[in-house]
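> Taken in sequence, the protein lines are chains A, B and C.
Taking the numbering used here, the leading residue of the first sequence gets 1, the next gets one more, and so forth.
Taking the numbering used here, the leading residue of the second sequence gets 1, the next gets one more, and so forth.
Taking the numbering used here, the leading residue of the third sequence gets 1, the next gets one more, and so forth.
Any given hint could be a false lead.
Said to hold, decoys possible - From chain A, some residues computed to sit far from chain C (all C-beta separations above 10 Å):
hint : residue
1    : GLU34
2    : LYS63
3    : GLU75
4    : ASP107
Stated by the list, open to error - With a cut-off of at most 27 Å between alpha-carbon atoms, the simulated DSSO-like pairs for lysine-lysine come out as follows:
hint : chain 1 : residue 1 : chain 2 : residue 2
5    : B       : LYS115    : B       : LYS153
6    : A       : LYS11     : C       : LYS321
7    : A       : LYS11     : A       : LYS102
8    : A       : LYS63     : C       : LYS321
9    : B       : LYS413    : A       : LYS63
10   : B       : LYS507    : A       : LYS63
11   : B       : LYS413    : B       : LYS507
12   : B       : LYS438    : B       : LYS413
13   : A       : LYS11     : A       : LYS63
14   : B       : LYS194    : C       : LYS321
Unchecked claim - Some chain A residues judged to face chain C by a derived CB distance under 10 Å, without partners named:
hint : residue
15   : VAL39
16   : PHE40
17   : GLU42
18   : VAL58
19   : GLU60
20   : SER61
21   : VAL62
22   : ALA64
23   : VAL65
24   : ASP67
Calculated from the structure, these hints are not laboratory results.
Note that beta-carbon positions come from the ideal geometry of N, C-alpha and C, so glycine has one too.
Take a look at the letters that make up each chain.
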Amino acid sequence: MAYPDDLRYSKEHEWVRMDGSRATIGITGYAADELGDVVFVELPEVGATLTQFGTFGVVESVKAVSDLYAPISGEVVEVNEALRDAPELLNADAYGEGWIAKVELTDTDQLDGLMDAAAYAEATA
Amino acid sequence: MSVAEAPRSNASGRGAAFSGPNAGDDLTVVEPLIFERSRAERRAVRFPRPSERARAAGDGQPQLPASVLRAQAPRLPEVSELDMLRHFNRLARLNMAIDLNFYPLGSCTMKYNPKVNEWAARLPGLAESHPLDPQALNQGSLELMWLLAELLKEISGFEAVSLQPAAGAHGELTGMLMTRAYHGAHGEGEQRMKVLVPDSAHGTNPATATMVGYQTVTIRSNERGGIDLEALRSALGPDVAALMITNPSTLGIFEDQIDQVLAAVREAGAIAYMDGANLNAILGRFRPGQVGFDIMHFNLHKTFSTPHGGGGPGAGPVGVSERMEPFLPAPMPVLIDGDAAEVRANAWAGRSTAGARFALNDARPQSIGKVRSLYGNFGMFVRAYTYIRSNGDAGLRTISEDAVLAANYLRVKLHDVYDLPYDRLSKHEVVFSGRRQKREHGVTTLDIAKAILDHGIHPPTIYFPLIVEEALMVEPTETESLETLDHFVDVMREIAELAASDPAAMKRAPVTTPVGRLDETAAARRPDLRYVFPDEGDVPDAPSMAPAREAPTT
Amino acid sequence: MTYSPHTDADRARMLDAVGVASVEDLFADIPAGVRAGAWAVPPPLVEQEVRAELARLAGRNRIAEVSFLGAGAYRHLIPSVVGEVIGRSEFATSYTPYQPEVSQGTLQSIYEFQSLICELTDMEVATASHYDGATATAEAAMMACRLTRRSRVAVSAGVNPDYRRVLETYCAGPGIEVVIVPVDLAEGGDGTTDPAAVADLQEVACLIAAQPNYYGQLEPMRELADATHATGAQFVAVVEPTSLALLEAPGTYGADIVAAEGQPLGIPINFGGPYVGLMAARMASVRQMPGRLVGATRDAQGRKGYVLTLQAREQHIRREKAASNICTNQALMALAATAYLIAVGPNGLREVAELSMTQARQLAGALESAGLAERRFGGASRPAVARRRPPAARRHATLAERGIVAGHVLERAEPMLRDTLLLAATELTTDDDIACLVAALEETR
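Using the sequences and the hints, build the whole thing.
Quick look at the structure:
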């Protein structure tokens, strides 16, 4: 499976896309495939504070459920409202329309602890 | 109205598992909802009119104020009795059931449910007995409960039994609440907050631990399918409240280090809880109360043949050791006048017990309280008591012997075609893996289960226990004949061949059932959970945003 | 008498296939030190013998000839057709519909049950069933805690004391505090919950109130709901299902969660069980509901079918994070309730409710006009009424010896209600029953 080069990845299968101090986060295509058809995403609230590696939501398929672990710490400034009615976006476009939240980072150093695409590909091989 | 029909199978001459009223492919509804058959003012049951005397006598009594009255009557269906009966009879024919089909659903003990049990449960003297009647009127019901508890004590080796819990998971809840009460009474309530659960456990075990505020710690299994003693010992400590263990395990394997497991738990000051779901394997062979377990729940609907009812009612009595007895739910049926040994002897011999008096004892100061209203699923007690008395000592032993023999027979007859991750002596069930079929032919365990349906057999439990890849958990029970077992072997071998020769056919299965594989993803994404009347407006959706799900703790 | 089909020859063939010499070898994995010793289980009985034993026990019960006992379990007519439906082997001897293709009978009937309960309660979603009314109430309280993230629950003292005991037991585990909101039981009081008392509740997840309440009184449900919502809490209504033919539905007066005992809907008294717990709620809360749910869907050929759905809430998937541990519930009893509601229909259910109330009014009127008892509380009530005439407990016992059960003695559980009996009438209560009670009380005056 191919992973976009411009993202950072956590071992809990979340990705981070940086834009200044703002990060967009989501789950990887690998995670979406493992879960199967996603039927429900429990989104964080705007204004919520995320702690790196802490849980911030839930994603459900018909036969499985998984917590979402924040790949970085920060404050949620936007969530992907489209997922409320179309959770299948996580399967269809994990790195694009299937994004989950946008976060204002508190500590950009945390990114150094995450994997690049090659390392993540190796970890999930 | 005609109904849709599944395409007839053409593979290997298999017959249709169902011969329901299927004709034609034009419509897509197998049986309309009863609401769709409703016609205004059509009636089934009618009730008497109040007498003049009744109206007159109540004249001065207050009336219901208009402010509490319902504006619109509930739109219940209006149908004739025959319409309704046919509706349910047609629905019934869409089900598989023990009385029609081999049903080797692992961990559920789908044995024959003897009909004399049903006769007993319908005796008016029992079925019409009111739980709050003065106890002088209830001596038969109380005696039956007392006798059943005596039998369950004898079978399990425990000191006391409460019949109150309504199901196995409810028995677990009762057991964990008692565990909390026990540690609380010993000044360790705040300290012992962890419950150890093997990775092969039923999902109810960790869910129960959470319900009482405990944190679950998962203990891995060893390569032989037993609990890993080293992992257990390192997890045990002064912060552990209990170990919950299923024995035989969900792999159908007896925990052959059980003495060391119990010793380690005892040494750590924790409670040893046994999930009794698999008691059918060990009747007369292993009595958990006798060897150091503190608590066990029974599943009367598994071991003791009360009907599963499409998902209940069950009954989940708990047996306990002496030190846990004070914490059992209240009230308890007790013998207040008479000698216990003499009452038992008379009852076992069919002699009168008329001199004995029974009561419900609610004076249990350390009790966890009540876990359900009144005293439990009494109708299930009647059936289980009938069943245990019918079988008696020899019969109960035969049950386990034949159940274990059948499981082992299927093990040796099928282990060359399906992988057996733990290929050793089975107890009442055997867990195969469909991983070979998946790896070699892309056929999953789900496909295998669906193919089994086309043979008129209910599939085994699938994808459980979680530690077995592509699990197929087979529990034949003691009531299936050798011919049935051999037929199942033939079917499973034929399916293994089909998986190799025509995997695509497996993906299409089932083809003889009233409906084919259903779209569960669509069902979960856009839940349709009730009938919507034609004149109803917008129906609210489930929200995509759910609030916190953790149970609050203080 | 066993139900094993095996002949000795069958067993020999199977043992041979397994490769062991005797059945003992199949249990060789049980360590010698923990093997069972002797037990004192009695010998087997053949059908004739076991029938005699069960008939002996049934014969030790005395079924009251005349009874006004309710207090949570009510005698109603169970139409014959209901017994016919739940007696079908295909319903009675199947299990949880894990394989929907061969369980459409169970699944569709549960969907119909959910639909009927929603209609009766005016709620948006109902579960497949719970153990009984008490555990449904306790689970509703836990659900309210999850929804509000609060850990105290308030319950009206007008809720059945048995339910309150179960609630306390359930709440003790996770350390949820239970606050009792009193009802006015004083002489001259109306036996209901005061909405003003609700406003003072701090940080509670819910208020639980019953309609009609345990004492047969009508609670001001709308005012209680409004007062509860003002505190940010959920309003949990515990209702009696036949009364909903006449009384305003909980969804209409603002209930967030409804819990109920379904026993009056076609289920025998059975010494307390099996019964069926009903639970209904708003669709917005569905993911916090405990228990099973059935939903409609389609197969690849476009045929409509039903499946267990939203299962990710449940223990077999979510394990320690599940909304509840409930697994086996009361499906066959839910089927009885389904068949009952369809058999009686809207008109029949209204007739049951009206006749029950008419007979309760006749009972009250007959006792009062004979000077034998007086109503303990003012206000309208159905179908249970409280009566008072000393010494109630002793007279209750005297009547029981004659096969007449004059309701339930309340003073054991509630000392403020000395000399008070809780009497119930249903459509099965005859004019003669009432005359019989009056005559018996006259004789023991």
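> Each of the hints needs a verdict: does it hold here or not?
Hints and how they fare:
Residue-level check passed: GLU34(A) sits 14 Å from the nearest beta carbon of chain C, beyond 10 Å. Consistency note on LYS63(A): stated as away from chain C, yet its beta-carbon is not over 10 Å from all of that chain's, at 7 Å minimum. Every CB of chain C is more than 10 Å from the CB of GLU75(A) (nearest about 20 Å), matching its label as outside the interface. Even its closest Cβ contact with chain C, about 28 Å, leaves ASP107(A) beyond 10 Å, as expected for a residue assigned away from the interface.
Only pairs whose Cα atoms come within 27 Å are accepted, and LYS115(B) paired with LYS153(B) is accepted, the gap being roughly 25 Å. At roughly 22 Å between alpha-carbon atoms, LYS11(A) and LYS321(C) fall within 27 Å of each other, so this suggested pair holds. Between LYS11(A) and LYS102(A), the direct Cα distance comes to roughly 19 Å. Compliance with the 27 Å bound is thereby established for this hinted pair. For the proposed pair LYS63(A) and LYS321(C), the alpha carbon gap of about 15 Å is at most 27 Å, so the pair holds.
The straight-line distance between the Cα atoms of LYS413(B) and LYS63(A) is roughly 31 Å, outside the 27 Å bound, and the hint therefore fails. Only pairs whose Cα atoms come within 27 Å are accepted, and LYS507(B) paired with LYS63(A) is accepted, the gap being roughly 19 Å. In summary, the hint linking LYS413(B) to LYS507(B) is supported, as the alpha carbons are separated by about 25 Å, within the 27 Å threshold. The suggested pairing of LYS438(B) with LYS413(B) holds, with an alpha-carbon distance near 20 Å, which does not exceed 27 Å.
At most 27 Å may separate the alpha-carbon atoms for a hinted pair to count; LYS11(A) and LYS63(A) meet this at roughly 22 Å. For a cut-off of 27 Å, the pair hint linking LYS194(B) to LYS321(C) stands: about 15 Å separates their Cα positions. Hint status for VAL39(A): holds, given a least beta-carbon distance of 8 Å to chain C, under 10 Å. Residue-level restraint check for PHE40(A) holds (minimum Cβ-Cβ distance to chain C is 7 Å; threshold 10 Å).
Interface hint status for GLU42(A): upheld, as the beta-carbon distance to the closest one in chain C is roughly 8 Å, under 10 Å. A least Cβ separation of about 8 Å between VAL58(A) and chain C falls short of the 10 Å threshold, and the interface hint therefore holds. Interface restraint check: GLU60(A) against chain C, minimum CB-CB distance 4 Å, threshold 10 Å, status holds. At a threshold of 10 Å, the smallest CB-CB gap from SER61(A) to chain C is about 7 Å, leaving the interface hint in force.
Among the interface hints, the one on VAL62(A) holds; its C-beta lies about 7 Å from the nearest C-beta in chain C, closer than the 10 Å criterion. For ALA64(A), the suggested interface contact is upheld, since its CB lies about 7 Å from the closest CB of chain C, less than 10 Å. Taking 10 Å as the C-beta contact cut-off toward chain C, the hint placing VAL65(A) at the interface holds, the least distance being around 4 Å. Among the interface hints, the one on ASP67(A) holds; its C-beta lies about 8 Å from the nearest C-beta in chain C, closer than the 10 Å criterion.
Checked against the numbered hints above, the structure violates hints 2 and 9; every other hint is satisfied.
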